[in-house]
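Enquirer: Quick note: the sequence shown, position 208, residue 208 per the UniProt record's numbering, numbers continuous.
What the hints contain is simulated information worked out from the structure, not anything from laboratory work. You may find that some hints are simply not true.
To be verified - Pairs of lysine-lysine residues, derived as DSS-like cross-links and limited to a Cα-Cα distance of at most 30 angstroms, are as follows:
1. K45 with K152
2. K226 with K203
3. K215 with K184
4. K178 with K55
5. K159 with K67
6. K152 with K215
7. K53 with K75
8. K67 with K55
9. K75 with K152
10. K215 with K241
11. K178 with K134
12. K75 with K226
13. K11 with K45
14. K203 with K159
15. K184 with K45
16. K45 with K215
17. K226 with K241
18. K159 with K219
19. K241 with K266
20. K266 with K226
21. K184 with K152
22. K53 with K152
23. K203 with K241
24. K234 with K215
25. K11 with K234
26. K266 with K217
27. K217 with K241
28. K134 with K184
Said to hold, decoys possible - Ranges of calculated distance between the beta carbons of each label pair, as one might list FRET restraints:
29. S10 with D207: 22 to 28 angstroms
30. I19 with L283: 47 to 53 angstroms
31. K266 with V38: 46 to 52 angstroms
32. I19 with S228: 42 to 48 angstroms
The beta carbon of each residue, even a glycine, is placed where N, CA and C say it ideally should be.
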Amino acid sequence: MISVIICSVSKSLREQILININETIGVEHEVIIIENEVYKYPIAKAYNIGAQKAKYPYLCFSHEDIKFHTQAWGKVLINDFLSSGARLIGVLGCAAKVNNPSSVHLANSGLNRQNHLQRQRDNSVSLVYENPYKETLAEVCTLDGMFIAATKSAWAETKFSEDYLHGFHGYDIDFSIKNFVLGKVVVTYNLLLEHFSFGSFNKGWVDTQRIITEKWKDKLPLLAPKVSQEQEDKAETLNLKDLIAILIDTDYNPLIQLKYIWRHFKRTPFEKVNLYYLRRVILRNKLNNALKNIAKTNHKNDLTVQ
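With the hints as extra help, turn the sequences into a complete structure.
Expert: If you want it as structure tokens, here you go:
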């Protein structure tokens, strides 16, 4: 009944998750593993290849660094699909997709919906749970790629965007949006899994989120039911703060940094943090230029010595 598709780069992790799935899923299934340390596909392409091979009507696109804790979770998942009519089901999602580049999780927004265990860097495990309306299935706009289940018909209609997503970021948000505009996307609180790693933000992440934002700009923002305009406005402002911090920390193009600082200023013109952002950009840019000049001088000196 379920085809589990995993884009893997670690033999040990895929061996572990294969055992875990076989011991816990509780329904007829297959596991399709793309050994991506060999093929090096973008994730969107790897998942499409796996889904094309799948023989069952329900697909699970999963990271390899997870562990299922719920026994017979396959039965739970199928029941969730049948009871909700959802196209996609995950364990971490958000009830809004804001206008600007963002991750699935919008910090401090009150719009996240999640139920999973997170392995911490000290090897402890924490329950990450946000469920303001005490639902068993919560409607969202986006899902995190650690685990996304789809009906095969939903995947066939939308597929992962391998034509414009060529790396390892953004495939989850883009796929979620495609399905949200056509139907229902939900987070389930009926099964529990554990995630062993954390996401990361780099220039590649920013590049991809800018592509997605441009692609879907005519549809954004997206709001799930029960989300107010006030909540969306708050999320937009909070996300801009997070985005600007990422842009500064990754030494992203200063003009792009200024673009989003200006957007933040227009939303909150009297916040002192606007001056802080501007000062950080200017100082970081000056430092980078100084380091480049030092490197050039050292290179010239090396050539002179030779």
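Enquirer: Compare the structure with each hint and give your call.
Expert: So, going through the hints one by one against the coordinates:
1. K45 with K152: holds (16 angstroms)
2. K226 with K203: violated (34 angstroms)
3. K215 with K184: holds (21 angstroms)
4. K178 with K55: This hinted pair holds, its Cα atoms lying about 23 angstroms apart.
5. K159 with K67: Given pair K159, K67 holds - Cα atoms ~25 angstroms apart, limit 30 angstroms.
6. K152 with K215: Distance of about 24 angstroms is within 30 angstroms: holds.
7. K53 with K75: At roughly 22 angstroms apart (the allowed maximum being 30 angstroms), K75 and K53 satisfy the hint.
8. K67 with K55: Roughly 23 angstroms between the alpha carbons, so the hint for K67 and K55 holds.
9. K75 with K152: holds (16 angstroms)
10. K215 with K241: Roughly 22 angstroms between the alpha carbons, so the hint for K215 and K241 holds.
11. K178 with K134: holds (27 angstroms)
12. K75 with K226: OK: K75 and K226 at ~28 angstroms, within 30 angstroms.
13. K11 with K45: Within the cut-off at roughly 20 angstroms; holds.
14. K203 with K159: holds (25 angstroms)
15. K184 with K45: holds (24 angstroms)
16. K45 with K215: It holds: about 18 angstroms lies between the C-alpha atoms, which stays within 30 angstroms.
17. K226 with K241: Cα-Cα ~24 angstroms, so holds.
18. K159 with K219: holds (18 angstroms)
19. K241 with K266: Roughly 13 angstroms separates the two Cα atoms, so the pair holds.
20. K266 with K226: holds (27 angstroms)
21. K184 with K152: With Cα atoms ~15 angstroms apart, K184 and K152 stay inside 30 angstroms; holds.
22. K53 with K152: Distance ~11 angstroms between K53 and K152 Cα, so the pair holds.
23. K203 with K241: holds (17 angstroms)
24. K234 with K215: Holds. K234 to K215 sits at ~23 angstroms (cutoff 30 angstroms).
25. K11 with K234: violated (43 angstroms)
26. K266 with K217: holds (19 angstroms)
27. K217 with K241: Distance of about 20 angstroms is within 30 angstroms: holds.
28. K134 with K184: holds (18 angstroms)
29. S10 with D207: 22 to 28 angstroms: Given a distance of about 25 angstroms, which is inside 22 to 28 angstroms, the answer is holds.
30. I19 with L283: 47 to 53 angstroms: Cβ of I19 to Cβ of L283: about 51 angstroms, so the range 47 to 53 angstroms holds.
31. K266 with V38: 46 to 52 angstroms: holds (48 angstroms)
32. I19 with S228: 42 to 48 angstroms: Hint holds: Cβ distance 45 angstroms, inside 42 to 48 angstroms.
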